[in-house]
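Trainee: If you want the building blocks of each chain, they are given just below.
2 protein chains.
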Amino acid sequence: MNIRFYNAKILTMNGDMPVFDGELWTEDSRIIYVGDGSNLDEYYKRTGRSAIIWGREIDCKGNLIMPGFKNCHTHSAMTFLRSHADDLPLQDWLNNQVFPYEAKLSPQDIFEFTRIAILEYLTGGITEIMEMYLTPGSIAKCCQEMGMRVTQVGGVNNFSQSPELIDKRMEELNGKNDLTSFRVGFHAEYTCSLELLKKIADLSHKYKSPVFTHIQETKSETDGCIERYGKTPVALFNDLGMFDYGGAGYHLVWTNDEDRLIMKEKHVSVVTNPGSNSKLASGIAPISEYLNDGIPVAIGTDGPASNNCLDMFREMFLVTALAKLKTNDASAVPATEVLKMATYNGAHVMCTPDADCLAEGKLADIIMMDMNQPNMQPVWNIENNIVYSGSKSDIMMTMIAGVIRYDTFDGFQRFNVGKEVPDIYRDCEVIKKRIFG
Amino acid sequence: MNIRFYNAKILTMNGDMPVFDGELWTEDSRIIYVGDGSNLDEYYKRTGRSAIIWGREIDCKGNLIMPGFKNCHTHSAMTFLRSHADDLPLQDWLNNQVFPYEAKLSPQDIFEFTRIAILEYLTGGITEIMEMYLTPGSIAKCCQEMGMRVTQVGGVNNFSQSPELIDKRMEELNGKNDLTSFRVGFHAEYTCSLELLKKIADLSHKYKSPVFTHIQETKSETDGCIERYGKTPVALFNDLGMFDYGGAGYHLVWTNDEDRLIMKEKHVSVVTNPGSNSKLASGIAPISEYLNDGIPVAIGTDGPASNNCLDMFREMFLVTALAKLKTNDASAVPATEVLKMATYNGAHVMCTPDADCLAEGKLADIIMMDMNQPNMQPVWNIENNIVYSGSKSDIMMTMIAGVIRYDTFDGFQRFNVGKEVPDIYRDCEVIKKRIFG
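Quick note, the sequences are listed as chains A and B, same order. Residue numbers for the first sequence follow the numbering used here, so the first one is 13 and each next one is one higher. Residue numbers for the second sequence follow the numbering used here, so the first one is 13 and each next one is one higher.
Any given hint could be a false lead.
Same chains, same names: a pair is fine if it fits in one copy or spans any two.
[Said to hold, decoys possible] Under the rule of at most 27 Å between Cα atoms (straight-line distance), these lysine-lysine pairs were calculated in the DSS-like manner:
hint, residue 1, residue 2
1, Lys-444, Lys-73
2, Lys-153, Lys-220
3, Lys-57, Lys-211
4, Lys-231, Lys-210
5, Lys-444, Lys-21
6, Lys-220, Lys-431
7, Lys-338, Lys-231
8, Lys-153, Lys-73
9, Lys-73, Lys-431
10, Lys-444, Lys-188
11, Lys-445, Lys-21
12, Lys-445, Lys-73
13, Lys-276, Lys-188
Worth flagging that the hints you see were computed from the coordinates, not collected in a lab. The structure displayed is predicted, hence computed values, not measured ones.
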């Protein structure tokens, strides 16, 4: 089907292209045209198309079309624990409030609670997530059913999953459909033996796959690794050949100059999670230093039990606000950089470069933002408005792979996710009662 | 008129009362009943009422009724500079991007740009603001016209306004209507001569009024005062008798033990502004220490040029997130404390104790929050959901003084503020063009 968005302001995130007034056309899952609507003869001639028969034409009424947000680190189904236990020290929280309940979750339970998170992603303009959780099979099924783009990563550690299972999932969960993929990953250094880490490095070589994991989230985790191995997790992983095909580290709060040299050299990106790092008192990541060193930064919400919301607007503000506090410099990490992290960089970190910006041939992962909300007025600078005063209440539409999965065009929230919202909540309540009694 | 809210979840913020299922009734500007709807015979007997004829009955469908948020520090009309210049060092920003343009604003310009801020307050469930800006007369008029509750404070300094003007406004802007009031205030120590400060202290004695001002926002401001007077602003103001009737300080980021002793003794509250303090790299206020010392804390957004959004949900998360980071303690400043700051404490700081909670006889400053948004699901703990995953996209209604000023009951946003929203934006664009050319 062909969809035409016209009368739009367009922020492509394609290089430094400024916001312009124009149109965007989609065909099935791809963008086939972005421009100001002039010189269409040239377009038709170049593409060999004739006049297009529109399946739908949407008058954007001057509102903004831009790439969807990329949430590069989450554990979606942890919605089941949202607000169950907050304001606790990290280890107490993990050992007493998370692990015992997670152990009771079935793949189907995880499927259902992932649904709540996906509803939240859609209302917040998130079109793609990088997921690490317990049952990738049921999560892939859920994302396909609801239309969410997802790159899953393994979460193997000493207590659950195995390199053999990751290997199997690399075969099973890749190449099956356009929305979901799977990459080599593991939980973290402090939960994996050296033997296990070596096997994971072997896997990344076998598949020539980048590797994804939690790295240097807390000071004690980092110090513990130095005690165990005489080096930081970044250095240890590098010595094991883990980064020979690049990858990304979630959190990376506690890094030193040597870590950053390795990351730069081995194309290891940062996925920063400022909401979670604050709520769990883990620290402030050195974002300014990553930018100075030319290390790409993307953004994640982390899971809904440690954040607790899945809102890239909150995260975007926190990225720059915390960087400003950390460096005592109000000019640190400007809004344009943050917006690039939340969109363009996120797509590249998730190995889906076709979702990085709005351009001919790119994936139609697109959102519409309401320019007539008071928090977006007046209009001096749309990028700054998005980062500093934007809110998910401005999201009017979330389209993934050319399908509108969420919109508020006629006032009401309309979800297009294969199941009614009240039914999703009801089924999750039933599971909650079963698990917690 | 009598309005009945039924089928609601109710969070009164009245002591430790837990959320319950029930009803809330209003009559004109006041609440006349809050309860579970049982034992109404006793109610009618006690109050001498007979059966009430409802002007409107609203089925809350299980959604949450709670007191509106109190934004205790703002400069509303600075919407005119939102996103005009971000990511700049504080003094550069103030001297080159703020003061030259502010000087061109007429009272009517300020009236119009205050409107945009009030629209934003309403969409975010804010029912009351403490305002410091240039033309209190036109601001009071705007708030009355749009139905916003406001406590204004003087902003006198060496360059504008005068103690005589504050005196005049104390007479002119108090006792005229129920929505607006005016209190003694000044800009800050570093912009006022000692002679001026003494006159302000005299005024507070004349009116037995608490005093409000920016205090110890930045380290350099605090150090500068110590250089000038051999003491901090808090100590200086106290020595001048400025706090003999209490008051509150905006920001209070850089305080020491002695400052906090004075604040405790003289009933000086803190209005913390974490969004602004982060964006301008001013620092993190010692909120845990204020709580430990028993000093009341309320929350403000600060103005929309330094934050840039007027969203108490963002501020609530920041209050606890930054406190956790500052103290390296994930249990610091729990959600229940934050919610009290944003509602109950705010009302007391603004000298409107009748707006502090939902109870018989209190002001009908009430909001409704959507419990069926995915970020509010599942329901383990409603208070924690509000602080950690709540969003202004959850706001379904904002009522001030018994009048519904904003709602989304039938999907669309409906404002009841005396002027159409597109006209407000259009008129502000005209002013913007005139001022900036």
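Trainee: Now tell me if each hint is right for this structure.
Mentor: Hints versus structure:
Taking identical chains as interchangeable, the C-alpha atoms of Lys-444 and Lys-73 lie at most 27 Å apart only when they sit on different chains, with a minimum of 22 Å there against 43 Å within one chain. Only within a single protomer do Lys-153 and Lys-220 lie at most 27 Å apart by alpha-carbon distance; the minimum there is 25 Å, versus 67 Å between protomers. In this assembly of identical chains, Lys-57 and Lys-211 lie within 27 Å of each other by CA distance neither inside one copy nor across copies; the values are 53 Å within and 77 Å between. In this assembly of identical chains, the alpha carbons of Lys-231 and Lys-210 lie at most 27 Å apart only when taken from the same copy (24 Å versus 50 Å across copies).
Taking the shortest Cα distances, Lys-444 and Lys-21 sit within 27 Å of each other only across copies (20 Å), while inside one copy they are farther apart (43 Å). With identical chains, the CA atoms of Lys-220 and Lys-431 are never at most 27 Å apart, being 38 Å at best within one copy and 62 Å at best between copies. Taking identical chains as interchangeable, the C-alpha atoms of Lys-338 and Lys-231 lie at most 27 Å apart whether they share a chain (16 Å) or sit on different chains (15 Å). Proximity of Lys-153 and Lys-73 under a CA criterion of 27 Å is satisfied in neither setting, with 36 Å inside one chain copy and 33 Å between copies.
Proximity of Lys-73 and Lys-431 under a CA criterion of 27 Å is satisfied inter-copy only: 21 Å between copies versus 30 Å inside one chain copy. Taking CA atoms no more than 27 Å apart as the test, Lys-444 paired with Lys-188 passes in neither setting, with 32 Å inside one copy and 54 Å between copies. Taking the closest pair of Cα atoms, Lys-445 and Lys-21 come within 27 Å of each other only across two copies (20 Å); inside a single copy the shortest separation is 47 Å, beyond that limit. Within a single copy, Lys-445 and Lys-73 get their C-alpha atoms only as close as 45 Å, which misses the 27 Å cut-off; across copies the closest is 22 Å, which meets it.
In this homomeric assembly, Lys-276 and Lys-188 never come within 27 Å of each other (Cα to Cα): the closest approach is 33 Å inside a single copy and 65 Å across copies.
The earlier numbered hints that this structure contradicts are 3, 6, 8, 10 and 13.
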